[in-house]
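**Q** Below, each chain spelled out in residue letters.
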Amino acid sequence: MATKILIPTPLRPFTDKKDAVDVEGKTVGELLADLTTKHSGLKAHLYNDQGKLRSFVNIYINDEDIRYLQKEQTPVKAGDTVSIIPSVAGGAPTTAEAPAALPELTKDDYKRYSRHLILPEVGVEGQQKLKAAKILCIGAGGLGSPVALYLAAAGVGTIGIVDFDVVDFSNLQRQILHGTPDVGRPKLDSAKDKLLAINPNINVVTHNAALSSENALEIFAPYDIVVDGTDNFPTRYLVNDACVLLGKPNAYGSIFRFEGQASVFATKEGPCYRCLYPEPPPPGLVPSCAEGGVLGVLPGVIGCIQATETIKLIIGAGEPLIGRFLIFDALRMKFRELKLRKDPDCPVCGTHPTVTKLIDYEQFCGVPSATEAPMSGSTTEITAVDLKKRLDRGDKLTIVDVREPHEYQINRINGSLLIPLGDIPKRYVELDPNDELVMQCKVGGRSAKAADFLRSKGYNKVLNLTGGILDWIDKVDPSQPKY
Amino acid sequence: MPEVKTQTLMVNAAIDGEIRRHGEETYPHECCGALVGTGNRVTATVALPNTTEEGPRRRFMVRPSDYRVAEQKAGELGGDLLGFYHSHPDHPARPSQYDLDHAWPTFAYIIVAVAQGKSEAMTVWYLKEDRSAFDEGELHGN
Numbered sequence: 001m002a003t004k005i006l007i008p009t010p011l012r013p014f015t016d017k018k019d020a021v022d023v024e025g026k027t028v029g030e031l032l033a034d035l036t037t038k039h040s041g042l043k044a045h046l047y048n049d050q051g052k053l054r055s056f057v058n059i060y061i062n063d064e065d066i067r068y069l070q071k072e073q074t075p076v077k078a079g080d081t082v083s084i085i086p087s088v089a090g091g092a093p094t095t096a097e098a099p100a101a102l103p104e105l106t107k108d109d110y111k112r113y114s115r116h117l118i119l120p121e122v123g124v125e126g127q128q129k130l131k132a133a134k135i136l137c138i139g140a141g142g143l144g145s146p147v148a149l150y151l152a153a154a155g156v157g158t159i160g161i162v163d164f165d166v167v168d169f170s171n172l173q174r175q176i177l178h179g180t181p182d183v184g185r186p187k188l189d190s191a192k193d194k195l196l197a198i199n200p201n202i203n204v205v206t207h208n209a210a211l212s213s214e215n216a217l218e219i220f221a222p223y224d225i226v227v228d229g230t231d232n233f234p235t236r237y238l239v240n241d242a243c244v245l246l247g248k249p250n251a252y253g254s255i256f257r258f259e260g261q262a263s264v265f266a267t268k269e270g271p272c273y274r275c276l277y278p279e280p281p282p283p284g285l286v287p288s289c290a291e292g293g294v295l296g297v298l299p300g301v302i303g304c305i306q307a308t309e310t311i312k313l314i315i316g317a318g319e320p321l322i323g324r325f326l327i328f329d330a331l332r333m334k335f336r337e338l339k340l341r342k343d344p345d346c347p348v349c350g351t352h353p354t355v356t357k358l359i360d361y362e363q364f365c366g367v368p369s370a371t372e373a374p375m376s377g378s379t380t381e382i383t384a385v386d387l388k389k390r391l392d393r394g395d396k397l398t399i400v401d402v403r404e405p406h407e408y409q410i411n412r413i414n415g416s417l418l419i420p421l422g423d424i425p426k427r428y429v430e431l432d433p434n435d436e437l438v439m440q441c442k443v444g445g446r447s448a449k450a451a452d453f454l455r456s457k458g459y460n461k462v463l464n465l466t467g468g469i470l471d472w473i474d475k476v477d478p479s480q481p482k483y
Numbered sequence: 484m485p486e487v488k489t490q491t492l493m494v495n496a497a498i499d500g501e502i503r504r505h506g507e508e509t510y511p512h513e514c515c516g517a518l519v520g521t522g523n524r525v526t527a528t529v530a531l532p533n534t535t536e537e538g539p540r541r542r543f544m545v546r547p548s549d550y551r552v553a554e555q556k557a558g559e560l561g562g563d564l565l566g567f568y569h570s571h572p573d574h575p576a577r578p579s580q581y582d583l584d585h586a587w588p589t590f591a592y593i594i595v596a597v598a599q600g601k602s603e604a605m606t607v608w609y610l611k612e613d614r615s616a617f618d619e620g621e622l623h624g625n
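If you're matching them up, the sequences are chains A and B in order. Here the working numbering is used: the first residue of the first sequence is 1, the next is one more, and so on. Here the working numbering is used: the first residue of the second sequence is 484, the next is one more, and so on.
Wrong hints could be hidden among the right ones.
Unchecked claim - The calculated lysine-lysine pairs, modelled on DSS-like cross-linking and capped at a C-alpha distance of 25 Å, are:
| id | chain 1 | residue 1 | chain 2 | residue 2 |
| --- | --- | --- | --- | --- |
| 1 | A | K461 | A | K426 |
| 2 | A | K38 | A | K71 |
| 3 | A | K38 | A | K111 |
| 4 | A | K334 | A | K396 |
| 5 | B | K556 | A | K268 |
| 6 | B | K556 | A | K4 |
| 7 | A | K17 | B | K611 |
| 8 | A | K396 | A | K357 |
| 9 | B | K556 | A | K17 |
| 10 | A | K396 | A | K457 |
| 11 | A | K77 | A | K111 |
| 12 | B | K611 | A | K52 |
| 13 | A | K194 | A | K107 |
| 14 | A | K389 | A | K461 |
| 15 | A | K475 | A | K449 |
| 16 | A | K475 | A | K389 |
| 17 | B | K556 | A | K18 |
| 18 | A | K18 | B | K611 |
| 19 | B | K611 | A | K357 |
| 20 | A | K111 | A | K134 |
| 21 | B | K611 | A | K43 |
| 22 | A | K18 | A | K4 |
| 23 | A | K482 | A | K457 |
| 24 | A | K18 | A | K43 |
| 25 | B | K601 | A | K38 |
| 26 | A | K457 | A | K475 |
| 27 | A | K389 | A | K268 |
| 28 | A | K389 | A | K426 |
| 29 | A | K134 | A | K107 |
| 30 | A | K396 | A | K268 |
Bear in mind the hints are in silico, worked out from the structure with no lab data behind them.
Using the sequences and the hints, build the whole thing.
**A** Printed below as a string of structure tokens:
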């Protein structure tokens with residue numbers, strides 16, 4: 001009994017242009033075997049090297065896919081129509097695809113990377129992948145330092161660094177890319193020197209720029225993986241979104257005081273930073289490291305985790321930190337792990353994304369842009385110099401320092417009252433609404449929040465000290481230490 | 484040495500525009516559609532939904548049911564199914580290993596690169612008979 005198999009357009013050149021072929025058999029498998037015997041050119045296109053039907057070859061009996069029947073064992077009855085129907089798939093290259101040809105290792109490479117080469121998980125091929133890899137570090141600071149140093153030592157062929165800062169004395173406690181003689185130098189220069197000293201065979205690309213929505217996609221484009229070592233929310237969201245848009249994994253890390261976090265975001269299958277935090281915290285709520293402090297060795301721990309994850313992604317070994325959020329507490333010396341899921345409603349990596357290009361991240365995070373009127377002109381602000389004048393004049397002002405007690409120990413304005421920002425909601429009643437209040441912190445961020453809070457409680461005479469204690473020390477009282 | 488003949492696909496400005504527009508509309512996701520025509524001349528495109536479950540930024544998928552729709556439309560338009568087009572958002576207009584692994588013989592595969600939402604290079608590719616690689620074809624206007 002002959003059964004007709006309908007042949008799709010692209011396969012007709014192999015069936016003498018016929019759109020249907022009569023074949024014999026009791027099951028679909030037998031029909032296909034007969035078909036490929038009669039027209040042997042079809043075999044390579046229907047079956048893969050293991051002799052299985054290719055995933056994009058669909059066999060239908062009447063209107064049913066044999067995958068949902070008995071596959072190739074599906075029996076064929078008289079009068080059935082069997083069709084080969086293509087599904088058509090394709091797509092752009094992803095980082096998971098190995099580059100066409102991996103670079104050869106030199107004699108020097110074999111010597112230098114011998115401890116990698118004898119690890120079966122790395123081996124020659126893994127080391128070649130490292131050599132071919134292009135990794136971008138956002139920032140040459142606390143996290144960027146260990147990341148870049150270890151990636152350079154590991155033989156990552158191209159390391160890009162984005163930074164625009166110069167080395168400051170206050171960086172040296174943790175930013176081990178830079179040394180005391182580097183103070184005042186651009187961080188990129190000092191970083192490049194250190195990396196090439198460790199490994200002169202790599203290519204260090206410096207991007208002297210503040211990362212922005214205008215330049216991020218262009219800077220990221222040539223790299224395989226981005227390592228986020230930023231210290232602020234606008235850049236963190238920018239890095240995340242750019243990575244999602246470009247399909248590049250983001251080896252994420254962040255640090256604060258004694259606690260660090262790490263994860264791998266924006267992979268094809270995994271969640272992104274926005275799946276975890278769709279919205280940034282209100283500005284000022286989470287202090288920066290400059291305000292809150294950070295244990296110097298903490299970025300060493302977290303940065304090394306980022307470097308580890310980056311190398312694992314490059315060589316394709318182990319279980320990456322995808323869909324897992326690692327929290328490290330240095331004081332208790334404990335690691336905790338949270339499970340993260342890709343959010344189908346995520347505005348950037350979900351099924352119906354609303355963010356399809358880079359936005360204004362300063363505005364998104366509620367940070368006033370640099371183009372807005374200077375705060376000192378505002379009637380709710382007071383400068384250090386004006387404050388000094390008014391105090392000298394004998395005006396009765398209550399200065400409220402909203403920093404933490406350990407900051408107050410380092411420096412303070414004489415006669416100020418210490419109420420840490422976190423205590424303001426329960427202690428503000430200690431303040432007299434009829435007094436003129438001057439709120440003060442380290443640089444003016446936390447005190448602005450405290451001032452807003454007091455105004456919302458009906459305090460009308462509240463001023464915020466512009467530039468905080470640091471400006472006060474610069475302009476009024478240089479005898480005190482800064483931090 | 485067997486003679487290597489470059490295949491040519493005729494794509495006029497209107498068709499070219501339709502493919503580019505589709506790629507720009509679906510950016511940052513990949514678009515896909517069918518090429519209908521006769522001989523080596525494309526006379527119409529059929530935009531198809533991208534039904535991939537692997538992330539539409541890097542993949543496209545035309546289901547068998549949509550393939551049937553395309554074949555039916557081709558018949559209605561009095562032409563044959565000549566191939567398919569798809570976009571590569573923020574990637575060059577060159578076929579990936581994935582494209583190669585999933586390619587059908589004889590079909591013309593047009594790839595349009597879309598960078599930052601703007602269409603750029605457009606190329607056409609044909610699978611070698613031994614499935615080892617693609618041969619790049621030539622796109623001709625008018």
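**Q** Work down the list of hints and note, for each, if the structure agrees.
**A** Comparing the hints with the structure gives:
| no. | hint | result |
| --- | --- | --- |
| 1 | A:K461 <-> A:K426 | holds, 19 Å |
| 2 | A:K38 <-> A:K71 | holds, 22 Å |
| 3 | A:K38 <-> A:K111 | violated, 57 Å |
| 4 | A:K334 <-> A:K396 | violated, 49 Å |
| 5 | B:K556 <-> A:K268 | violated, 34 Å |
| 6 | B:K556 <-> A:K4 | holds, 23 Å |
| 7 | A:K17 <-> B:K611 | holds, 18 Å |
| 8 | A:K396 <-> A:K357 | violated, 52 Å |
| 9 | B:K556 <-> A:K17 | holds, 20 Å |
| 10 | A:K396 <-> A:K457 | holds, 21 Å |
| 11 | A:K77 <-> A:K111 | violated, 67 Å |
| 12 | B:K611 <-> A:K52 | holds, 21 Å |
| 13 | A:K194 <-> A:K107 | holds, 23 Å |
| 14 | A:K389 <-> A:K461 | holds, 18 Å |
| 15 | A:K475 <-> A:K449 | holds, 23 Å |
| 16 | A:K475 <-> A:K389 | holds, 12 Å |
| 17 | B:K556 <-> A:K18 | holds, 20 Å |
| 18 | A:K18 <-> B:K611 | holds, 21 Å |
| 19 | B:K611 <-> A:K357 | violated, 37 Å |
| 20 | A:K111 <-> A:K134 | holds, 22 Å |
| 21 | B:K611 <-> A:K43 | holds, 14 Å |
| 22 | A:K18 <-> A:K4 | holds, 11 Å |
| 23 | A:K482 <-> A:K457 | violated, 33 Å |
| 24 | A:K18 <-> A:K43 | holds, 16 Å |
| 25 | B:K601 <-> A:K38 | violated, 48 Å |
| 26 | A:K457 <-> A:K475 | violated, 32 Å |
| 27 | A:K389 <-> A:K268 | violated, 60 Å |
| 28 | A:K389 <-> A:K426 | violated, 32 Å |
| 29 | A:K134 <-> A:K107 | holds, 22 Å |
| 30 | A:K396 <-> A:K268 | violated, 61 Å |
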